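Given chain A's structure and the hints, the job is docking chain B onto it.
Number of protein chains: 2
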Amino acid sequence: MAPIPNPQLFLAAHPVGYPVPDRDFKYDTSESIDLETVPLNGGFLTKTLYLSVDPYMRNRMKEGGWALGSLFEGFGIGEVLRSETDKFKKGDILYGTLQFKAYQVWPADTTFRILPKTQDIPYSVYIGVAGMPGQTAYYGLKGIADPKAGESIFVSTAAGPVGQLVCQLAKAWGLRVLGSVGSDDKVEFLLNELKIDAAFNYKTASTAEELKKFGGIDIYWDNVGGPTLDAALDAMNTFGRIVVCGHISVYNQTPEERYGVKNTYAMIYKEVKMQGLYVMTYADKYADEFYATVPKMIAEGKIKYLEDVTEGLEHAPDALLKVLKGENHGKEVVKVA
Amino acid sequence: MAPIPNPQLFLAAHPVGYPVPDRDFKYDTSESIDLETVPLNGGFLTKTLYLSVDPYMRNRMKEGGWALGSLFEGFGIGEVLRSETDKFKKGDILYGTLQFKAYQVWPADTTFRILPKTQDIPYSVYIGVAGMPGQTAYYGLKGIADPKAGESIFVSTAAGPVGQLVCQLAKAWGLRVLGSVGSDDKVEFLLNELKIDAAFNYKTASTAEELKKFGGIDIYWDNVGGPTLDAALDAMNTFGRIVVCGHISVYNQTPEERYGVKNTYAMIYKEVKMQGLYVMTYADKYADEFYATVPKMIAEGKIKYLEDVTEGLEHAPDALLKVLKGENHGKEVVKVA
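Protein sequence lines, in the order shown, are assigned to chains A and B.
Counting the first sequence from 1 gives a position; the numbering used here is that position plus 41.
Counting the second sequence from 1 gives a position; the numbering used here is that position plus 41.
Next comes chain A alone, as it looks inside the complex (with noise of 0.2 angstroms):
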């Protein structure tokens, strides 16, 4: 079989504000490779399906993060099409870090999950709602938030794919939850699909005066920092606990933009605790009895999900910033092969 490209995405320059897909992405097609003859030194060769593009990314393609020219990175789900080790075998398909590149060959000790084939759920679900997301979620809940039937949790960005996850694990757990997301779409999502109590959009609502009409709340999921986490600490319960899993509304801002919370000091007579949540902290704890659960849960349909999927690789860019903006539907995918 002859050479063929092996398009990658690289980080062509350290963006301020929110990337620009031309000046900051360098898609690059010069590269190729020989499919049948590529050596694989005892290792495996797996071609990528699904990408996934996620907010920390913004974080990593700043000054100090990845350097210029290096390959993006993340989630993803590969196949494999030859292997010399006895860990993978051609046709398992595998979850676990990827570069932003059509086909790579791994040596023989690297990591990844391999996937069940008999659960009837598409494989692009693993880097959604049953990956790094939902994984995200399931840990923050168990990890921090430690949340008990009757009690009440507002979530932001609540359509996203934590948000989801959030959402229906706390339904399903037995508490009140309340969503704000950033469209009206979106709250006919949460509400008629997802099925929480009460769902707002933030860009036509007070924050404060929904929170006011839902009542204290126990739990706050934070994914979004600035006023939103204001207005939450203004509204927590006494031993409100809020995890910070992300600040989506400062990401592409500079210092003096910043948004400043002033409502640290609610914390002291309400004993509010807050942490900050990084998925890999609980995966020693928790990745069985997730794997165990979730996928089975979305299979028989007791979890719902929404995914946005980009087709081509080149599109990564596009996908990203839709995600920085809050313009995808769910779950942001890229479709690789």
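Everything labelled a hint here was simulated from the structure, so no lab data went into it.
Some hints here could point you the wrong way.
[Claimed, not checked] Among the chain A residues that face chain B by a calculated CB cut under 8 angstroms, a handful are: (1) G266; (2) L270; (3) G301; (4) V313; (5) T322.
[Claimed, not checked] Computed spacing ranges between beta-carbons, pair by pair: (6) A:A108 to B:S247: 22 to 32 angstroms; (7) A:T245 to B:G256: 39 to 49 angstroms; (8) A:Y310 to B:A333: 20 to 30 angstroms; (9) B:G184 to A:N278: 15 to 25 angstroms; (10) B:G191 to A:Y310: 26 to 36 angstroms; (11) A:V350 to B:N293: 52 to 62 angstroms; (12) A:Q294 to B:G184: 32 to 42 angstroms.
Remember, it's a predicted structure, so these values are computed and weren't measured experimentally.
By construction, the Cβ of each residue, glycine as well, lies at the ideal position given by its N, Cα and C atoms.
Below, chain B alone, put in the same frame as chain A:
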């Protein structure tokens, strides 16, 4: 014996900004009491020896806190003059919540702790480093910060009643300690008397620079909020803990004046925990341990303290103002009798 005056201190107005002694307080000497004949109805009569003035009182004074015309109250030390209950006998020295009043009759079911007479420490210390402020330090370290030998801690208002004990317990438990205070005298006190590792005057030095010099911090004991909290968030190590004990920088500010904290996003990637502390929450768990440990350490000279004694109930408003402005040197105590 003839009736004698029973002076008391009332809240006259809800202050805006710093309290103004002549406007917001009313010192009243019109009530009198006959100590030998006042009916006890099965209870007991105390003479107030010491009263504590503390930053939290500013919050109680505002609209929505104490009602206008209420007596001030807080932690204090009283001596039993007469008693009709077996729980307390003449001469007992009591610690608990007292009103700002020279003499007081209590129902039999009132709860006080009887102080030991065997330890060689003055009673006033039981409303300071061995009282609520000391318990705050002890409980917050044990219950929230979970300090480990070799870690580093930054303490704001480090020469204050809580800060003093946080510094000394942290040193005793093997931590590196950095303190910030508002005068060069207090810097000297921290370095020469409490023997902590480093200290600075935040009015003349840059908190961010001092934190950089000291190295990353594992624990931040927050007594002040505002820009100091922001600088600390920036300097926290991964898995750092922030004990939110006070926000004295904002108590006298309107919401508009209040400083906005910009670095909450740093909690995410550093997985920082930040938690509000209210001392009484931890009393059941740690009070006996505290009373068995701290007064002994004080008597043995292992814990030092600094007291700032104001004489006379009529000067309690000035004493409180001193605390709110950071002009006290150590625990502010009002000596009533």
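Hints and how they fare:
1. G266: With a minimum Cβ separation of about 6 angstroms from chain B (threshold 8 angstroms), the hint on G266 of chain A holds.
2. L270: 7 angstroms, holds
3. G301: Holds, because the Cβ-Cβ distance from G301 of chain A to chain B comes to roughly 2 angstroms (cut-off 8 angstroms).
4. V313: Since the shortest Cβ distance to chain B is 5 angstroms, the answer is holds.
5. T322: 6 angstroms, holds
6. A:A108 to B:S247: 22 to 32 angstroms: The hint (22 to 32 angstroms, Cβ to Cβ) holds, given that A108 of chain A and S247 of chain B are roughly 31 angstroms apart.
7. A:T245 to B:G256: 39 to 49 angstroms: 47 angstroms, holds
8. A:Y310 to B:A333: 20 to 30 angstroms: Between Y310 of chain A and A333 of chain B, where Cβ atoms are some 29 angstroms apart, the hint holds.
9. B:G184 to A:N278: 15 to 25 angstroms: At 19 angstroms between Cβs, range holds.
10. B:G191 to A:Y310: 26 to 36 angstroms: Since the Cβ atoms of G191 of chain B and Y310 of chain A sit about 33 angstroms apart, the hinted range of 26 to 36 angstroms holds.
11. A:V350 to B:N293: 52 to 62 angstroms: With a Cβ separation near 54 angstroms, V350 of chain A and N293 of chain B satisfy 52 to 62 angstroms, so the hint holds.
12. A:Q294 to B:G184: 32 to 42 angstroms: 35 angstroms, holds
The structure agrees with every numbered hint stated previously.
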